[in-house]
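Per the UniProt record's numbering, the very first residue in the sequence shown carries number 1; after that it's consecutive.
Hints in this document: simulated from the structure, not taken from any laboratory.
Do not take every clue at face value.
[To be verified] Here are the computed lysine to aspartate or glutamate pairs in the EDC-like style, where the Cα-Cα straight-line distance is at most 20 Å:
1. K52 x E110
2. K42 x D99
3. K72 x D40
4. K168 x E183
5. K52 x D124
6. K84 x D99
[Unchecked claim] Between beta-carbon pairs, the in silico distance windows are:
7. A185 x S57: 20 to 26 Å
8. S102 x C220: 16 to 22 Å
9. K104 x R12: 27 to 33 Å
10. H144 x S102: 32 to 38 Å
11. F37 x A113: 26 to 32 Å
12. C220 x P123: 14 to 20 Å
13. Y49 x T197: 26 to 32 Å
14. V22 x H144: 39 to 45 Å
15. D92 x P39: 38 to 44 Å
16. N206 x D124: 17 to 23 Å
17. R12 x P165: 24 to 30 Å
18. N206 x K62: 29 to 35 Å
These numbers were taken from a predicted model, which means no experiment stands behind them.
Glycine included, every Cβ here is placed at the ideal spot set by N, Cα and C.
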Amino acid sequence: MIASSSLDSSVRLWNATSGERVGVIETGPADVWTVCFSPDDKFIISGSYAGKIHMYSVETSKQERTLDTRGKFTLSIAYSPDGKYIASGAIDGIINIFDVVSGKLVHTLEGHAMPIRSLTFSPDSQLLLTASDDGHMKLYDVQHANAVGTLSGHASWVLSVAFSPDKKYFASASSDHSVKVWELATRTCVHTFNEHTDQVWGVRFNPESNRIVSVSEDRCINIYECPV
């Protein structure tokens, strides 16, 4: 199943095989800027301009819970693979981490000076990787809420980040038209792809961790071999 978010205040569900629309979740008056599934695929969480994170049942399309970031404009959200945490990134550079069971805000992280365009948990849920318009990425220890690394290398906004499923690498995409591959153990960039001619909005690994796919404003989807 695929979920899409829209500025028309709706989340739409699609059958990934047939392409058929199978559901619509009306989210009210707030624009929906980001959306993702829970690890068990039973819930969808969405972030909005109002700073709220809403959780919906995939089966019933009904709202199950609302998390308040106490801020505005949630640009990015992520669900930890172990299902324990939800993280959100805001336009003011603030990162919030919620405990899913209690619904409580457990950590507020600072460190970025500009909007958080993307964030993602490591496969073991121990690390949180964030990307910002300030051109930097940060790694946080989730349990202790400590920054354990700052990574720089892009010449402009970092728009998307993703871990490889084997946790050896992570990838970043930027408005500088590049895709970079980083080794997690050394925190170093091991390769830069410069095939795109416009800003790169999304990057992901395949399940085997040996390929990366990127999508750009140049209307191209590129697939790369990794590690290179």
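> Is it true that H144 and S102 lie within 32 to 38 Å of each other by Cβ?
Replying inline: Once the Cβ atoms are compared, 18 Å apart, the range 32 to 38 Å for S102 and H144 is violated.
> Does the alpha-carbon distance linking K84 and D99 stay inside the 20 Å limit?
Replying inline: 6 Å, holds
> Taken at face value, is the distance from the CA of E183 to the CA of K168 at most 20 Å?
Replying inline: 6 Å, holds
>> Does the beta carbon distance between K104 and R12 stay inside 27 to 33 Å, or does it fall outside?
In response: Since the Cβ atoms of K104 and R12 sit about 30 Å apart, the hinted range of 27 to 33 Å holds.
> In this structure, is the beta-carbon distance linking V22 and H144 contained in 39 to 45 Å?
Replying inline: 41 Å, holds
>> Given a hint of 14 to 20 Å, does the C-beta separation of C220 and P123 actually sit inside it?
In response: Given about 28 Å between the Cβ atoms, the range is violated.
>> I want to verify a distance hint. Is the separation of the beta carbons of R12 and P165 within 24 to 30 Å?
In response: Holds, at about 27 Å.
> Between N206 and D124, does the beta-carbon spacing fit 17 to 23 Å?
Replying inline: About 19 Å separates the Cβ atoms of N206 and D124, which means 17 to 23 Å holds.
> Is K52 within 20 Å of E110, Cα to Cα?
Replying inline: Holds: K52 and E110 sit about 19 Å apart, inside 20 Å.
> Between D92 and P39, does the beta-carbon spacing fit 38 to 44 Å?
Replying inline: 28 Å, violated
>> For a C-alpha distance cap of 20 Å, please report whether K52 and D124 respect it.
In response: With a Cα-Cα distance of about 26 Å, the restraint between K52 and D124 is violated, given a limit of 20 Å.
> Regarding the pair K72 and D40, is the alpha-carbon distance no greater than 20 Å?
Replying inline: The given pair, whose Cα atoms are some 28 Å apart, is violated under the 20 Å limit.
Violated hints, in rising order: 3, 5, 7, 8, 10, 12 and 15; the structure is consistent with all others.
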